[in-house]
Amino acid sequence: MSFNSQLNENINEILLKLKDETRRWKNVCEKMREKFKFQAQNQSQLETKQNEEINDLKIKINEAREKRDSLHKQLDNQKQINLSKKGNEIEELTNKGRELELQELY
Numbered sequence: 586m587s588f589n590s591q592l593n594e595n596i597n598e599i600l601l602k603l604k605d606e607t608r609r610w611k612n613v614c615e616k617m618r619e620k621f622k623f624q625a626q627n628q629s630q631l632e633t634k635q636n637e638e639i640n641d642l643k644i645k646i647n648e649a650r651e652k653r654d655s656l657h658k659q660l661d662n663q664k665q666i667n668l669s670k671k672g673n674e675i676e677e678l679t680n681k682g683r684e685l686e687l688q689e690l691y
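Numbering (our numbering) for the sequence shown: 586 to 691.
Just so you know, the hints here were simulated from the structure itself, not pulled from any lab data. Each residue gets a CB set at the ideal place from its N, CA and C atoms; glycine is no exception. Incorrect hints may appear among the rest.
Within a straight-line C-alpha distance of at most 30 Å, the following computed DSS-like cross-link-like pairs (lysine-lysine) qualify [as the list claims (entries may be wrong)]:
| no. | residue 1 | residue 2 |
| --- | --- | --- |
| 1 | K658 | K634 |
| 2 | K643 | K658 |
| 3 | K634 | K616 |
| 4 | K671 | K652 |
Pairwise CB distance ranges (calculated) [said to hold, decoys possible]:
| no. | residue 1 | residue 2 | range |
| --- | --- | --- | --- |
| 5 | A625 | D605 | 27 to 35 Å |
| 6 | S629 | R650 | 30 to 38 Å |
| 7 | K670 | K645 | 53 to 61 Å |
| 8 | E638 | G672 | 46 to 54 Å |
| 9 | I675 | Q635 | 25 to 33 Å |
| 10 | D661 | L631 | 27 to 35 Å |
| 11 | L601 | L631 | 25 to 33 Å |
| 12 | K670 | I646 | 30 to 38 Å |
| 13 | R650 | W610 | 51 to 59 Å |
| 14 | Q635 | W610 | 32 to 40 Å |
| 15 | I646 | L685 | 54 to 62 Å |
| 16 | K645 | R618 | 48 to 56 Å |
| 17 | N612 | R650 | 51 to 59 Å |
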């Protein structure tokens, strides 16, 4: 075999190996691309679900705050009513006490 033919055979063998290696890496890259695409979709779905859960929690927090504020207002109103009743009772007792004092004087 001549030097040129041996060289051509070696070159062809190297080219075949390069083609096979290129094909193999192309397949690896495609699989990785699919894997990353799938992971990105899963990540996006997870983020969407987390955002929905966060929004639900924000709504529940706001509802709880509104209920708390309403209960505080009811409590304040009840305190005012109770104070008003006590004030009226004190005023009545004071008036009765004055009447009794006046009766004792006469």
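Would you list, in rising numerical order, the hints stated earlier that this structure does not obey?
Hints 1, 7, 9, 10, 11 and 16 are the ones this structure does not satisfy, whereas the remaining hints hold.
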